[in-house]
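Engineer: Below, each chain spelled out in residue letters.
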Amino acid sequence: MERLPLIVQSDRTLLLEVDNPLFEEARDSLVGFAELVKSPEHVHTYRISSLSLWNAVASGMTPEQMIARLTRYSQYQVPQEVITFIEDQGRRYGKLRLEKAPDGHGLWLTGDDPVLLTQIAHQKPVQPYLGEALHPGFRIDPAHRGLLKQALAKIGWPADDRAGYTPGLPLALSMREYEPDGSPFFLRAYQNDAVRSFWGDGAVDRGSGVIVLPCGAGKTMVGIGVIDKAQAHTLILTTSVASLHQWRHELLRKTTLQPEDIGEYTARVKSVSPVTLTTYQLLSHRQKGEFVHFGVLDNHDWGLIIYDEVHLLPAPVFRLTASLQARRRLGLTATLIREDGRADDVFSLIGPKRFDMPWKELEAQGWIAEASCREIRVRLPETWREIYATAEDQDRARIAASNPAKVGTLHALLDEHPDDHILIIGQYLDQLEYIRQEIGAPLITGQMPTAVREDLYQKFRTGEVPVLIVSKVANFSIDLPDANVAIQVSGAFGSRQEEAQRLGRILRPKSDGGPATFYSLVSEDTKEQDFAQKRQLFLCEQGYRYEIAHADDTGAPSESSPAPVIPFPGGQGG
Amino acid sequence: MSTFSLSSIIDRLDPQILLQLSAGGQKSRGEIYQDLVDLPRVQQAADSLTARERQSLLLFLKEERPARQQMSRLPQGDTLMKKLGEAYIVFTLRDAFNRQMIPLDYYPALLDVLVRPQPQLAGPDRTERRQPSNGFEAILPLYHLLSEARREPLPQTNSGQIYRRTIGKLRKTLPASVSAEKIDSAVNLGYYYRLLALSADGSLVTTMEAESFFSHAMPEILSRVLQWSLERAPLFLIFTVSLAALLEPDEWLDTAAVLKWGKELKLPGAYDSYTLSYSLEGLGAAGIWETRGQSFGRLTDPYYYGWARRQLVPQSAQAVLIEPTGDVLAPPHTLLSTLWDLDAMANLVKYDQMTVYHIDRSSIAQAVLGQWDRDTCLAALDQMSRVPVPSNLRQNIEDWFKQLTRHRMLRATILHSADARDSAEAEKILHEHIRARLSPTDLIVSHENPKQLFKEMEHYGVPVIPRIEDYDDGEWDGPAQKSPWDEVAPPLRRGLAGAVSLGSRIAVRTRAPGAKTATVRLLPLRLDQGILDGVSDQGEAVSLPLHDIQDFEVER
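Protein chains in written order, with this note's numbering: chain A, 1 to 574; chain B, 1 to 556.
Isolated chain B (complex conformation) (with noise of 0.2 Å):
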């Protein structure tokens, strides 16, 4: 990782200089961070730098950060790491070799005191900028992505990849402005901050990280979004994208002329118009960057307002409000973790200026899942509310938390016996390894070490099967489960056995539904569930179903 936001900087800082900044535990870590990303605070440290600190700095800055040397090597060095040490701009991170980071986030503001003189940024045409929001849109792919994942697991292609339906699916819901490169984009997204993973079966679901992302206030959020996408974009990128936080809001970055700028100071990264184009096609699947035919683009409405400016609609924890119809209603100035609480116990409505949420029975059944308990969710909801919880809806949350969780399916192993006085034996016999017993012929055992049931059992003289069947409703009375085998004649079952284990080449004559009789000449290799591998005279792998096996003829 070589490019940081302020905030993943911030989440690794020494505890000690954490302590520091918290003023001894006086300031929130949302109130540390707005202290440090005050940008007048960095220019003010940047403008009290004498020429050569300065250009010293500038040098730092446009090193090829892979290469980028200690600072205290450069001219003035230690005591420009000093002031800007002291000064929160530069940090040293112990858990990335020592090495010296300047936050992403300050790099307009450097650059703003440090480029002189500036080239021309801005283009001819203005068009203006909508009000600040909220910035939720801008990371609405990725939040609908985590909520969806969180609620089921979302399956994916053997490449890896979220299947199209899924994507149309979740696109529904979204405003028509989110690509399906969008969602592609916000998966990478959630995978760089562990916010998504694999579950057994290969499907994406949603960590406990996501509730700590969500906790963030939107700027960091931002800053974070920031990070991941120009981790490994060239340095020029980063300095166009700084540059362009520089702009007036209704301004739109001539990226022809940065270009030019670039190359003249030889920028890592600064090549040609196509290289450029496509490193900000990226941020515009990203939902950062807009363009404006070829040569202008500027940053989008949430990271121009809310990383660039943070002139976002402030936040507030108690906003929404709750109706006794059992709609949620979340305005824009709803705090990012309150609206991802809330995700958790309510079926989401629609995305819009007010987001909207219905509380019922099917959705607390997802808060339940979700491991959320009555009383906490009440309280949740108390403290998010503008008003009081309606009282029908309270005693309605109370009643469905009682009635969900009063039944819930359990998988267990059950021993079956033949007759009650067959199961009270096993009872004695395995006494340390029941769970209960669930009727008189039935005990639920162990199921942690099935053999070693089975070894007990027989060392008692009382052997079983050593095999777990499936609970199957014919089968329940009968002493053992249907196998694929049962469906051959004994006789040809055994032979086909006979001639695996010894190795002899045999013609099988097969019949399959609605075909012609046939017959295949093969070395048999293997019998399992229901079906004969083997290997045919041209080389082939053959695999046949039992049940289409009329005979055999083993060859001499």
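So here's chain A without its partners, still in its complex pose (with noise of 0.2 Å):
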């Protein structure tokens, strides 16, 4: 008998066996109305929740062809809980609609539904967002619109949102399709179904949400695309100057932007224009209690707001995003691991996730760099051991980090990738700052100026420097596409999305098609190994594999063996 791929669990998670002839067909079938949630290397999990329901529906699927799909390639029956709660969820979206009010005031929530409506004014997480009755259904005033689908999403009773977004002010701009250096510029195929997926045929429907992409997969092409579908005045968030400038950069090599047509809003300069890049430390900016800068750009009618690196968009923009719903909005991320756990306002605010796909799959088509991950445990030599074991909780993480073994393995590891572009990243300016000086390479802190960060970044870029020491400030953003061996000397402790964004650093393809290789020191028996399992789970999730060795405490190679026991004082023991 055919054995199927599919195992639906009762609680909605779905486990997808990749080792299937049916795979490819089982997960395309899949992914209009489940999401993605890992895919390691044999068992892909995908979950059903209301959200990918409801957007199932919102784009035309029913729940009886969502119960066929399942029933079609699972291999054991699909579970009577998972069939009812499809069918409920699935006939919940388009019950409440959202439009403009009829006398033109303000927005109308309404429904076909009496007993709903009324069910719905009886619920305490709404009845704040409810205005005066207008049958059927209540005004809502427009400045309510991101809260009251928040409210309504949350007890279960999604808003079909059909009062459509603010067009924003007229942008004539189209895609180059060559770029100034005449190399042929066009969207891939998957960055062009994550903008179709996006912008779906511009109706309410879609025109807002996230799409998730790995580091290198060109997520800066899908906003551009995007950009360019809109035809509007953008303002565009990112993380840094650094970034904003490659944005910049970007938009002019590959759109018929001009220079005059994209302002920059920085504590440096000022300036808006239509199209606008700012950083999210500046909107979050206070003066006297005050989004003062927040103020000044919300005042302009922009047609699409872009969130770069949306997984770190701070709380105060939260907030100040739940007023602009009238605008079209899309969060740009590689992965949507919030360590704070609001990832589901992320969902609620920007928009439900648009587009996902796995990085080994973009791998595997070659669009980003193949990546072998090792782990290197180093041994603390014995004087830093009995540091590390009387040490206060509190400096335990850094003492490990900061092993001065890891410099022997980097000494190690640099000889055996004499003619690599190297990037070492770390977590602690001290420990960098002693690193630069054992190896003599550059440093990068974020307390450099802007300018000479880029100008090293540059030199990196053409191989006149071969190795750079950085701080987590390259975490994000940094476009270093021959960078192909990254050693992570420390991190923050179990941060699963800053391990994923390093790795990121080398994902760009390769000018030759090499490999890149990322390695990670860490402290042997200590919280540091602890840690790196935890930052690494995100990416075994994505189907990368790590290989684990050995170092002694001179950072040399050495058999699996943990460090000694410290003795007793006064016993035998060690």
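It is possible that some hints are incorrect.
[Unchecked claim] In silico DSSO-like links for lysine-lysine, alpha-carbon gap of 30 Å or less:
1) B:Lys451 - A:Lys534
2) B:Lys169 - A:Lys154
3) A:Lys527 - B:Lys350
4) A:Lys534 - B:Lys263
5) B:Lys172 - A:Lys38
6) A:Lys154 - B:Lys350
7) B:Lys182 - A:Lys38
8) A:Lys527 - B:Lys402
Just so you know, these hints were derived from the structure itself, not from any lab.
Put the two chains together into one complex; each comes in its own frame, and the hints tell you how they fit.
Structural biologist: Below, the structure written as structure tokens:
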């Protein structure tokens, strides 16, 4: 009997076996109504949620079609509770509609079921946003649009938002066919798919949401594709000035926009233009309790707002975003993981995930570099072990991370990669400074002026500087296409997204098509080893494998053997 | 024990017969079971009997089991005995007073042949069953209970029941359909097969028997559960269950019609619908029976497909998928014994169609406690996995085993001396009882016979107070640990001790914290652990903390 690739769990997770002839067919079939959760080596996990079902219904799929797809590929009978859930949630979408009020004053929450409208009116989370009765339904203040939708989704009755978006001031632009250096430019198939998933046919059912693509897969190009669709004034929020400059550079190279069309709104320059670039830091800056810059930017008639690295969106910007529901919103990220657990707010306020693609699939298609990950467990020198053992809890992470034996390992790795472009990435500035002195490579930190930083990045790109030491300033949005080796010497505790972002620094396809190697140096038998496990989780879930090796307390390779026990004072331990 | 499953009977067979059934060692125990339980074979054997032999066999089956006479005494008994014995339908169990037994598993096939005319079994309604599964859901409460009791002993109330909060905790991991009654039922089942035992402190712990229990194929396990649930049941209930096994998958047994038929045949236990419902409720709590309204019922899916039809999803030893993340996915066709092994070294994430486990350091710590070593653990994972164990996980497991076995908490008896010279002297005196030297002033001594140590020290003229004290941070450098006595002023202490030994009646003035001073008159009986116990003038037992006692007077 044909072995089918899918197992439907009663908690609505779908387990899809990769090593099955029907894998691809089943995967394509699930994409429309289930969200990809993780894609490790053997079994990919999808999840059916209310949100994924509402999105599917919004795009025209029926609950019956979804159930039929599950049944077609499921090895075992689809649990009845899953069928019931799909039927129940599938029929909820569209029962409530958010439209422009018939009298032209504000918005109107309406529906065909008067009992449902009465039921909604008695729901405490929704009540604050309901205005006067406007039969059948309620008048809604446009300022409450985002909050109302959030509240309705939370009580399980999503609103079909047909009130539309502010078109924004028009902006005529097109994508170039050739870049200034003569190389052809076009969106790759998956980038086009992402743009299409976000934009749809331009109707109100799309136009807000998040695109998830690995670092190096060209999220900026997707952003440019969406700007091209919108043909409207656009505000782009980025994580740093360096990243802002990269956006500007790409917009000028790949679109017909002229320098005067692109404004920079930073601490140094404050120009608002048809396409304006700013940073989260500036937007959330307060003076006397007021978000002064937000006020200035919000007064402009934007047709599209792009949130780059949306997983880093600061909390104040979330609140501000709730009032921006009339504008189209695009979030871009490689990892929709928020260490503060606010991923749900990204869904509610920016929009649902519109597009996601397994990293390994892009790797197989050659769009990102083939990468191998290695963890090297470096033993702490004896004196450091004693310091570590007697240190206060809060100091241990730093002591473990700063293990001097890592420098020995670094030397060995640099010898192994004589012709490569190597990034050494770390968390602690004193550790990085020590490494700089030991290996003589330049160091980039946040304290360095932007111009100097960009100069060093440029030298690294050209190969003039083959090894660059960087602090966390280089975690995001820095385009270093030829970097093919990254050595992480320390990191922020168990941050999964940081690990993924750092790997992302070397994922851009290499000009010679060569592979990338990511090393993570951790101190053996310390908290850092535990943190490393957590950090690696996201990448393992994306199908990356970590090879593990050991180094002794000089940093030289050794057999697997945990460090010796600290002798018991006066005893015979050891 | 008066009802036997085929599985239990195989365990008790004479070695010679077992050897014969295994075709001289060619067949495994599982295969022997498969051969014997083959229902067409049983039906064929019953069909080959003469009409009188069949009547005798039915008579044998219909007798109340405790009073059941030997088959040979029935009409045509000898030939019947010979034929059924040769066909392995009837077994003579030497460790059960040479009683002749027909396994429970054969009843449906035998009744199908012997009962003529058959009653109208099926009711008018039909309900489609789910597709055959692996049957795991039927034993999930037992499996989970044993898994938890293997990790941590489950405390019990004074009346020998698991605490409700423990049951609540167990249920959180189980599907909502698993009621508290099902867990209670699983505890009884666990006791019955000695899968659970009481620890020294009265908590429930899983025994090594569990490993052997789960090594059987699912139909055998279900058959054993049935044996347990029907052991003390009236014969009519066994017939009812057996007749339900003959239904089509979507049919319901008309229990009212079966009861009427049972009464006509005067089957033991065929009394009234109330008694039948009560018995069937018990089977329901064990997950064997489901009801529809007042008069209809049937075997649940696992028992219908697993015990009656043997149509469960075929199991495989190499079924699980191990991800580099440490997640281990066990599909429904995973052998139960594999799952039980996995459970020893991985933490459960959830039971579902695909049971999900996760391997991490804490799960390996459990494995270490369960006496698993690194190589056995990795070999077991290699054996159960459909894909190679990811190298990072393999390396992690190796490192975790090393880390977790580097340090151990040991309980030891230490002879602490005032200085190094004294300690060296004690070492010479007790040399054969010394396990190790811990520090210049501390020796680890044998703990088996402390009295002997005290005696030897005294014999050499180095007396030691004959008491082993608990370690206390503040007292390590001091000569002895504080006792509750130390809190009481010496004159008061000595006076109370004297009153106890002389049996003098006393008047004690006490003042408990936050209370007024009170006087208690009593006959002191015992001073122990900082408490004065006695009997008051009113004849009531009195216990007074010594530190509450201000003073006392001996009454004349």
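Engineer: Now tell me if each hint is right for this structure.
Structural biologist: Evaluation of the provided hints:
{"no.": "1", "hint": "B:Lys451 - A:Lys534", "verdict": "53 Å, violated"}
{"no.": "2", "hint": "B:Lys169 - A:Lys154", "verdict": "28 Å, holds"}
{"no.": "3", "hint": "A:Lys527 - B:Lys350", "verdict": "28 Å, holds"}
{"no.": "4", "hint": "A:Lys534 - B:Lys263", "verdict": "67 Å, violated"}
{"no.": "5", "hint": "B:Lys172 - A:Lys38", "verdict": "25 Å, holds"}
{"no.": "6", "hint": "A:Lys154 - B:Lys350", "verdict": "26 Å, holds"}
{"no.": "7", "hint": "B:Lys182 - A:Lys38", "verdict": "35 Å, violated"}
{"no.": "8", "hint": "A:Lys527 - B:Lys402", "verdict": "16 Å, holds"}
Of the numbered hints listed earlier, those contradicted by the structure are 1, 4 and 7.
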